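Peer 1: So you can see what is in the structure, the chains are spelled out below.
Protein chains: 2
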Amino acid sequence: MKPFDHASADAARERQDILTKPPGSLGRLEELAIFMAGWQGRAVPVLNRAQAVVFAGNHGIVAQGVNPFPQQVTALMVDNFRTGGAAINQLCKVAGAHLSVVPLDLDRPTGDFTQGPAMAEAEVAAAMETGASAVDADADVLLLGEMGIGNSTVAAVQAAAVLGGTGADWVGPGTGANSEEMDNKRRAVDEGLARHQGGGTTAVLSAFGGREQAAICGAILRARELNLPVILDGFICTAAAAVLTLDNAEALEHCLIGHQSTEPGHRRMLDALKMSPILSLDMRLGEGSGAAVALMVLRGAIACHADMATFAEAGIG
Amino acid sequence: MKPFDHASADAARERQDILTKPPGSLGRLEELAIFMAGWQGRAVPVLNRAQAVVFAGNHGIVAQGVNPFPQQVTALMVDNFRTGGAAINQLCKVAGAHLSVVPLDLDRPTGDFTQGPAMAEAEVAAAMETGASAVDADADVLLLGEMGIGNSTVAAVQAAAVLGGTGADWVGPGTGANSEEMDNKRRAVDEGLARHQGGGTTAVLSAFGGREQAAICGAILRARELNLPVILDGFICTAAAAVLTLDNAEALEHCLIGHQSTEPGHRRMLDALKMSPILSLDMRLGEGSGAAVALMVLRGAIACHADMATFAEAGIG
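So the sequence lines, in the order shown, correspond to chains P and U.
Counting from 1, position 157 in the first sequence corresponds to residue 157 in UniProt numbering; the numbering is continuous, with no gaps.
Counting from 1, position 134 in the second sequence corresponds to residue 134 in UniProt numbering; the numbering is continuous, with no gaps.
The following block holds chain P by itself, in its conformation from the complex (with noise of 0.2 Å):
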């Protein structure tokens, strides 16, 4: 594994500086491009493959009443996803990705976290090991995005066990809960973190799962194997990565955050995790949506930062 490679970046941020433009003002768009930089390990980075990974499970906390949707929509958004129906079916042909969509043991739900842990460490493992397995090596961005029915729920719980608070800290609607799941959901949480201590990554995605977060677990350490730069999507997203924090304060690095949800703990979890969301769209779908539309904007910066003429090139000043 190499680091973050700082002459690649320094070479890429006096790139910009000679680019046709007055300097800096690209913005975010100079600053993707000496992210990505830094992370491939060249002055011009690449963006010729990009894969976007679904990872989809379900959940024992549903039976909590913490959702409006029954659990047989997560499969059924699977069978989307393969037949090309969903959002990130259309998004990802926009943004010119390879779309992988992952379904962990969906006939076999994680327990109920109130009640127990809910899963053995084992299947922590073995999700872990499927999130790294679906990782292209080729690819030279990894966007990571999921699907669940109820885990809006263990994303709640996960960013109260990592970044500390409550139920009602941590909890929003998700994908329409009424003001009854609401409160299901916020007591769900707070049972939950009575229940179980703490600890490390292991600890806390066995406590309250689900295998789509441990699988997103395992891709993100994978891909940092592979100095391949990830795009997180949104809340529940965020939270399953930031448990890779409790091992390693430094594990999100090499990731950017796609999208800003409007899921309020998302703004407060970004806050604490010192990342900056590329997008802010109102959005709050999940399945890598949010992810998909920030690789639109890494295009732009990177053909930007690979295609303009310099001042010289263009004979000015």
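Simulated from the structure, these hints should not be mistaken for lab results.
Just so you know, these numbers come straight off a predicted model, no measurement behind them.
Careful, some of the hints might be misleading.
[Unchecked claim] Heads up, incomplete: computed chain U residues facing chain P, CB under 7 Å, no partners named:
1. 18
2. 20
3. 21
4. 26
5. 28
6. 73
7. 80
8. 96
9. 272
10. 275
11. 282
12. 283
13. 284
14. 296
15. 309
[What the hints assert, rightly or not] The calculated label-pair distances, taken between Cβ atoms and stated as ranges, are:
16. U:183 with P:98: 52 to 60 Å
17. P:23 with U:168: 19 to 27 Å
18. P:49 with U:121: 54 to 62 Å
Cβ coordinates follow ideal geometry from the N, Cα and C atoms, glycine included.
Got chain P; can you put chain U on it based on the hints?
Peer 2: Relative to the frame of chain P, chain U by itself:
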């Protein structure tokens, strides 16, 4: 000229609510699809052909020491646009827009508005006609951008003339003015406001210029005749467009704001116009760059709207 078609917009809104996602979860992308439906007059809007036009002009106000770059840079950047070396070229390529570059009499700058009118009214009319003629009637969306050394001072005085306030309220660093140049910009704006009466669109364009601003106004009016939605760029482009509201408060209803510039007056201007930018990426380049990145988001919005499966098609619910 057809007005916004509420029946098509309503049909688009109803379609959004049956697509396979929680209602409202695509946020701004849903709003953009509905906006396009209303202006195109079809429940499923299309986005095949996108045209970006960059208008360029020169400004007598540079005699007041308002810009660090010499006026020749305007023509050199036009060459750069034509040979494909500028940011807007790369962004149009990524976003799938056809770029038109329209310089307006670069060797004949407008008059210094602290000394007299920038343009005769006949020159305003000619520049507006050039702008109108540049619009591709077969486009599905029009992006507008500008280039012109000194034109952030023109934008500041236009903003003050349309929305009130003084140089101190509207002047920012533009391409990178130092503190002396900033003082010169504020003074120039205040002297311009003192010298010229207000009035309608033509009077303000005549008083302060410039040709690219008048061309932007002409293009916006022509797009409205064509029921063609428009994506405006940043501070300078929005200020030019705002001049149209002097004659018609609803003149910009078919326009989106692509990107909120870091030029400090832009936020103030958007608040006054009650317009909400699609993106905020700390850019401040102009030349249509923010509009081009916003086009990528719009493509995502239209693709989701047109091609997602409905709940019924996916067998959900």
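Peer 1: Taking the hints in turn, state whether each one holds.
Peer 2: Against the structure, the hints come out as follows:
no. : hint                        : in the structure
1   : 18                          : violated (12 Å)
2   : 20                          : holds (5 Å)
3   : 21                          : holds (5 Å)
4   : 26                          : holds (6 Å)
5   : 28                          : holds (4 Å)
6   : 73                          : holds (6 Å)
7   : 80                          : holds (5 Å)
8   : 96                          : violated (9 Å)
9   : 272                         : violated (22 Å)
10  : 275                         : violated (16 Å)
11  : 282                         : holds (3 Å)
12  : 283                         : holds (4 Å)
13  : 284                         : holds (5 Å)
14  : 296                         : holds (4 Å)
15  : 309                         : holds (3 Å)
16  : U:183 with P:98: 52 to 60 Å : holds (54 Å)
17  : P:23 with U:168: 19 to 27 Å : holds (25 Å)
18  : P:49 with U:121: 54 to 62 Å : holds (56 Å)
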